[in-house]
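Protein chains: 4
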Amino acid sequence: MLEELKEKVFQANLDLVKHNLVIFTWGNVSAIDREKGLVVIKPSGVSYDTMKASDMVVVDLHSGKVVEGDLNPSSDTPTHLVLYRAFPEIGGVVHTHSTYATAWAQAGRDIPNIGTTHADYFHDDIPCTADMTADQMAEYEYHTGVVIVNRISSGNINPVHTPGVLVKNHGPFSWGKDADQAVYNAVVMEQVAKMAFISLSVNPDTTMNPLLVEKHFSRKHGPNAYYGQKKKQ
Amino acid sequence: MLEELKEKVFQANLDLVKHNLVIFTWGNVSAIDREKGLVVIKPSGVSYDTMKASDMVVVDLHSGKVVEGDLNPSSDTPTHLVLYRAFPEIGGVVHTHSTYATAWAQAGRDIPNIGTTHADYFHDDIPCTADMTADQMAEYEYHTGVVIVNRISSGNINPVHTPGVLVKNHGPFSWGKDADQAVYNAVVMEQVAKMAFISLSVNPDTTMNPLLVEKHFSRKHGPNAYYGQKKKQ
Amino acid sequence: MLEELKEKVFQANLDLVKHNLVIFTWGNVSAIDREKGLVVIKPSGVSYDTMKASDMVVVDLHSGKVVEGDLNPSSDTPTHLVLYRAFPEIGGVVHTHSTYATAWAQAGRDIPNIGTTHADYFHDDIPCTADMTADQMAEYEYHTGVVIVNRISSGNINPVHTPGVLVKNHGPFSWGKDADQAVYNAVVMEQVAKMAFISLSVNPDTTMNPLLVEKHFSRKHGPNAYYGQKKKQ
Amino acid sequence: MLEELKEKVFQANLDLVKHNLVIFTWGNVSAIDREKGLVVIKPSGVSYDTMKASDMVVVDLHSGKVVEGDLNPSSDTPTHLVLYRAFPEIGGVVHTHSTYATAWAQAGRDIPNIGTTHADYFHDDIPCTADMTADQMAEYEYHTGVVIVNRISSGNINPVHTPGVLVKNHGPFSWGKDADQAVYNAVVMEQVAKMAFISLSVNPDTTMNPLLVEKHFSRKHGPNAYYGQKKKQ
Chain A
-15 MLEELKEKVF QANLDLVKHN LVIFTWGNVS AIDREKGLVV IKPSGVSYDT
35 MKASDMVVVD LHSGKVVEGD LNPSSDTPTH LVLYRAFPEI GGVVHTHSTY
85 ATAWAQAGRD IPNIGTTHAD YFHDDIPCTA DMTADQMAEY EYHTGVVIVN
135 RISSGNINPV HTPGVLVKNH GPFSWGKDAD QAVYNAVVME QVAKMAFISL
185 SVNPDTTMNP LLVEKHFSRK HGPNAYYGQK KKQ
Chain B
-15 MLEELKEKVF QANLDLVKHN LVIFTWGNVS AIDREKGLVV IKPSGVSYDT
35 MKASDMVVVD LHSGKVVEGD LNPSSDTPTH LVLYRAFPEI GGVVHTHSTY
85 ATAWAQAGRD IPNIGTTHAD YFHDDIPCTA DMTADQMAEY EYHTGVVIVN
135 RISSGNINPV HTPGVLVKNH GPFSWGKDAD QAVYNAVVME QVAKMAFISL
185 SVNPDTTMNP LLVEKHFSRK HGPNAYYGQK KKQ
Chain C
-15 MLEELKEKVF QANLDLVKHN LVIFTWGNVS AIDREKGLVV IKPSGVSYDT
35 MKASDMVVVD LHSGKVVEGD LNPSSDTPTH LVLYRAFPEI GGVVHTHSTY
85 ATAWAQAGRD IPNIGTTHAD YFHDDIPCTA DMTADQMAEY EYHTGVVIVN
135 RISSGNINPV HTPGVLVKNH GPFSWGKDAD QAVYNAVVME QVAKMAFISL
185 SVNPDTTMNP LLVEKHFSRK HGPNAYYGQK KKQ
Chain D
-15 MLEELKEKVF QANLDLVKHN LVIFTWGNVS AIDREKGLVV IKPSGVSYDT
35 MKASDMVVVD LHSGKVVEGD LNPSSDTPTH LVLYRAFPEI GGVVHTHSTY
85 ATAWAQAGRD IPNIGTTHAD YFHDDIPCTA DMTADQMAEY EYHTGVVIVN
135 RISSGNINPV HTPGVLVKNH GPFSWGKDAD QAVYNAVVME QVAKMAFISL
185 SVNPDTTMNP LLVEKHFSRK HGPNAYYGQK KKQ
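Chains as they are written, first to last, in the working numbering: chain A, -15 to 217; chain B, -15 to 217; chain C, -15 to 217; chain D, -15 to 217.
For the record, the hints were derived by calculation from the structure and aren't laboratory data. Everything hinted at is true.
In silico lysine-lysine, DSS-like type, Cα no more than 30 Å apart, as pairs: (1) A:K199 / A:K161; (2) B:K36 / A:K204; (3) B:K161 / D:K36; (4) C:K161 / C:K204; (5) A:K36 / C:K161; (6) B:K(-8) / A:K2; (7) B:K199 / B:K161; (8) C:K204 / A:K2; (9) A:K204 / B:K(-8); (10) A:K36 / C:K204; (11) C:K36 / C:K2; (12) C:K204 / A:K(-8); (13) C:K161 / C:K2; (14) D:K36 / B:K204; (15) A:K(-8) / A:K161; (16) A:K36 / A:K20; (17) B:K2 / C:K2.
These numbers were taken from a predicted model, which means no experiment stands behind them.
So that you can see chain A by itself, here it is in the shape it has in the complex (with noise of 0.2 Å):
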């Protein structure tokens, strides 16, 4: 079953390897299909040399039950099912180690929003949710979902227009309306988490003004979209 959709999420997983986003395993993508309420993720731990599109594992949305595949889904399958039924929009989600992004993380600082890189892609700073408290940890990976949907929402986020965050003293997570766009959005991150740390080295004091802030990311993304070749007007 789903074989296109399995077939297509391997080809994202392995294009975390390709962009250097992930060293041994780890990284995961997933996708769904919003229709039949499936979702197809990586399996856990397996190297990405010998991985087949057929070790793609399908769950169940709302049970997070395997409905088809040998193998354990990634052991991050529940953060990318609490993602799923929070955003409504989103068809793909990506969670990598990737160096930058990481370090940020471990940093517990939000990714400023100081350059047009960012702005044309992430409307927001990338927010780092907070703390896990010890009750939240007995169920650890649906709650890495949770504190990520509570960030987004108690930051006044729209998911659609920042497709990602990072979970405190973990790593990126990123997302997009479909496996390939969850990982261009994870490259994304991980270059602007790089050029965020040198910027900040040279002026630590450094900021953008809010509206070329706007003015990048409607460019892109707003109604009068002009960047590309299939938003002509």
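Use these hints to put chains B, C and D onto chain A, whose structure you have.
Same frame as chain A, now just chains B, C and D:
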């Protein structure tokens, strides 16, 4: 028309990828035919993997109208045109979001001329533009060119001797006598941006003797230049 | 003798190059046959390009004498032997001068456990040894092992749960149940050293909740570990 | 003439590219035939992609005149000659603008000897030269050699034990018994420059016990050296 120039602009765009200055579609190169008053530029948002020389777009230097080409020209085309009109000596323009130069642009600081690698190609500190006003943002790409020209002018900078700027919170623009030299200067900017970041981390107060700047710049570019094979007097 | 183990040690040495942990000949891997009391180790100063599995040297765990092999064993052999004698649970040892882990060793600081990437593989801060005394330096490589064992012991650290240290002003040593796992842990050390450097630059005071350390470590290594495919309960 | 030495110098120049020490034409290697008093050096400003062994230029050690070759020798030739004349033990010289070593030169700071990787190859801090005077700049490349020799001399440094310097605001020069060893030392300088940058960011006050410097240096270079395969006593 302009098939030879299209091929050169196409190859120069691929060189940005080869030199690791761009990811995805985040960069563009143009070149000008001064006699015909026509500029050849990369199409907007097209992948470097599938791009062909025949995809290059020809626009009129003065009106900015597309003269030939099926695709939208780069959304940064108005910026390129302002530079060609203001700096009659230049033949090629490059824009990238290369990591270290963009980080300096995000920091809002000029890249200080503290080494001979810098002085060999850029006579002055590489200047960072002022913030754009809300009014200017209404015609954003056009005014990106305007703030560049204003910064060069207000700094009494010779644009041939200092062939590049940082647009504040955005990224680097560079230029040269043709597309290849503009790419070369983009590579130099990224490298000196990286080295200056490291140098300032190791010694925030470092400077260079202005006499050494003159010596190195003139060694390659002065009337008695003696570097390389072509400039034997 | 020990042809299979020689092949594994040989391949593990090549993996150091593949993972960009060594340049020139600056690294070595060994593994032990506990039943026979013999250690297989890379020869000293031999290029990775021309090295063969049959070049691996066999030394006696207790006497340190070469039992088989035409080449000198790694000059770090006495350090490896001290570790095998002090930590009976380990089967492989790695030493490199990998960039970021070595930089922390040069800084004389423990790598703080501030992220789940670290906690997934190293329960504690990765400790840095004390200075060696002048007397100890007379038998330098032997006492390199001694200061490692002393640091593990004085910190009440379980060497299986924290499989690596920094030797002050020198570089990292790591270990594991076999040569492959010791190499894996060397890659993890380099990655967490890099991320911690960036995190502290962005936020010098960052910390991680100790409960989160326990959660992540036990997720992969505790009695109820549930990461991957092999540990289904 | 000197075909064998030309081939070695040619290959050593290509090794600079292989080790990522140069971009474009920013580096040069030379070697000397002491008996004949002739130096073989890379031509000036020639691309590494098209360069041939027969392009190497032969110059006289004392007069600096071109003895054989159709191309201009490297513009840094007078610097190389000063070093060969001042340090009779050396057989090869390298100059690059490698990223981290150049950044330290721009910072105007000696690279402190804080690790055994450094001490294995450079006995002392890698010294940075003084500013050149205006008078010296009139014969710039010649005096680049002079300030190097003066710095080595005023620091009571043995140029065989500390085979490299930083020219202030410019970049590294290294040397060795032949071209290959000079390239090797250039790689070491770049690596220790990178690690020292990271170490000082993590701990600005770090130092190394001078006894450890002696131990590591003598382990590879002293009368009782025991590293590698060739030095068995």
